[in-house]
Amino acid sequence: MLIPHPLLGLRDAQEFTYLGDAALLNRPDPAAGEAAFADYVYLRDNPASVHRELWFHEQGDRSWLVVTRNTLTHEILGAELARDVKLGGTA
Amino acid sequence: MTDLIPMGPLGTPDPARATHGALTLTENTALMLIAVATRPGTPAPHPLGLHLPGPGLWSQGQGAAAFWTGPGQWMIETDVPDHAERLRDAIRSAPGARLTEQSDGWICVEVTSDAGAAPIRALLERLVNLSPDQVAPGHATRTLLHHLGCIVIRRGEDHLAVLAPRSAAGSLWHLLSETASRQVPVATV
Numbered sequence: 001m002l003i004p005h006p007l008l009g010l011r012d013a014q015e016f017t018y019l020g021d022a023a024l025l026n027r028p029d030p031a032a033g034e035a036a037f038a039d040y041v042y043l044r045d046n047p048a049s050v051h052r053e054l055w056f057h058e059q060g061d062r063s064w065l066v067v068t069r070n071t072l073t074h075e076i077l078g079a080e081l082a083r084d085v086k087l088g089g090t091a
Numbered sequence: 001m002t003d004l005i006p007m008g009p010l011g012t013p014d015p016a017r018a019t020h021g022a023l024t025l026t027e028n029t030a031l032m033l034i035a036v037a038t039r040p041g042t043p044a045p046h047p048l049g050l051h052l053p054g055p056g057l058w059s060q061g062q063g064a065a066a067f068w069t070g071p072g073q074w075m076i077e078t079d080v081p082d083h084a085e086r087l088r089d090a091i092r093s094a095p096g097a098r099l100t101e102q103s104d105g106w107i108c109v110e111v112t113s114d115a116g117a118a119p120i121r122a123l124l125e126r127l128v129n130l131s132p133d134q135v136a137p138g139h140a141t142r143t144l145l146h147h148l149g150c151i152v153i154r155r156g157e158d159h160l161a162v163l164a165p166r167s168a169a170g171s172l173w174h175l176l177s178e179t180a181s182r183q184v185p186v187a188t189v
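Protein chains in written order, with full-length UniProt numbering: chain U, 1 to 91; chain H, 1 to 189.
Just so you know, the hints here were simulated from the structure itself, not pulled from any lab data. Everything numeric in this text was worked out from a predicted model, so none of it was measured. It cannot be assumed that every hint is accurate.
[As the list claims (entries may be wrong)] Here are a few chain H residues that face chain U, going by a calculated C-beta distance under 8 Å:
(1) Leu48
(2) His51
(3) Pro55
(4) Ser59
(5) Thr69
(6) Pro71
(7) Gly72
(8) Ser131
(9) Thr141
[Unchecked claim] Reference listing, derived: stretches of chain U covered by chain H, where coverage requires no fewer than 3 residues with Cβ under 8 Å from a Cβ of chain H:
(10) 8 to 17
(11) 59 to 65
For every residue, glycine included, the Cβ atom is placed at its ideal position computed from N, Cα and C.
Given the sequences, and given the hints that come with them, work out the whole structure.
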């Protein structure tokens with residue numbers, strides 16, 4: 001599987017480690033209460049289709065990516081730098 | 001005072017050297033490395049006029065070279081001790097830039113070919129899962145070689161350099177010499 005790194009082009013998935021749902025970027029406000037944090041820490045959607053997930057380019061430039069992948073076909077639909085997604089940058 | 005014997009990453013007093021067909025492996029013990037990082041939003045510094053290149057690239061300057069290691073991060077290489085000191089001073093005075101000394105943290109093996117680019121290309125095909133344009137001359141990237149995180153620098157058509165963590169020096173020398181020694185002879189283009 002090849003991951004289209006936004007800066008480095010197509011790279012072997014072996015260079016990456018997988019974290020999971022990109023919803024982890026949306027950490028609740030510290031004052032949001034226990035229920036919101038229990039939801040954030042423990043509950044994930046597990047869609048059988050297009051999924052946005054976090055991948056870490058550990059054996060490359062060590063950047064975090066948000067990869068959009070179809071969990072049924074393993075088709076990679078896109079990848080962007082998690083920093084840009086989180087901070088609303090160029091991506 | 002204790003009389004210490006200087007030795008390289010492979011534990012030998014002199015740089016290791018081996019020839020396999022058209023390829024020669026030479027340990028580069030003179031190389032000094034300085035990692036540079038900038039704050040987000042800070043433009044790339046130009047220490048002593050050295051150009052810090054974009055993603056996946058390596059650039060050669062006067063007495064030093066630099067390659068990209070991550071967003072806002074580079075590694076500078078030089079083999080001139082005085083120049084390294086001047087570079088460190090230049091980075092310290094650049095706004096928003098920080099440096100980390102990396103010399104002696106890595107082993108560097110220079111692979112040169114006396115039959116042009118073909119033996120280097122054949123070696124790369126067997127070493128890294130990257131397309132030829134990602135390891136074309138002037139490119140540098142961190143990737144996996146035999147499950148070992150390494151930095152691969154294509155210094156020229158017939159010149160490749162591989163950096164690995166110093167603690168993995170023996171593994172790097174083994175994998176490079178094994179792969180080079182099993183090369184099928186290729187016709188020179």
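Right, here's what the structure says about each hint:
{"no.": "1", "hint": "Leu48", "in the structure": "violated, 25 Å"}
{"no.": "2", "hint": "His51", "in the structure": "violated, 18 Å"}
{"no.": "3", "hint": "Pro55", "in the structure": "holds, 4 Å"}
{"no.": "4", "hint": "Ser59", "in the structure": "violated, 16 Å"}
{"no.": "5", "hint": "Thr69", "in the structure": "holds, 6 Å"}
{"no.": "6", "hint": "Pro71", "in the structure": "holds, 6 Å"}
{"no.": "7", "hint": "Gly72", "in the structure": "violated, 10 Å"}
{"no.": "8", "hint": "Ser131", "in the structure": "holds, 7 Å"}
{"no.": "9", "hint": "Thr141", "in the structure": "holds, 7 Å"}
{"no.": "10", "hint": "8 to 17", "in the structure": "holds (count 7)"}
{"no.": "11", "hint": "59 to 65", "in the structure": "holds (count 5)"}
Hint compliance for this structure: hints 1, 2, 4 and 7 are not met, and every other hint is.
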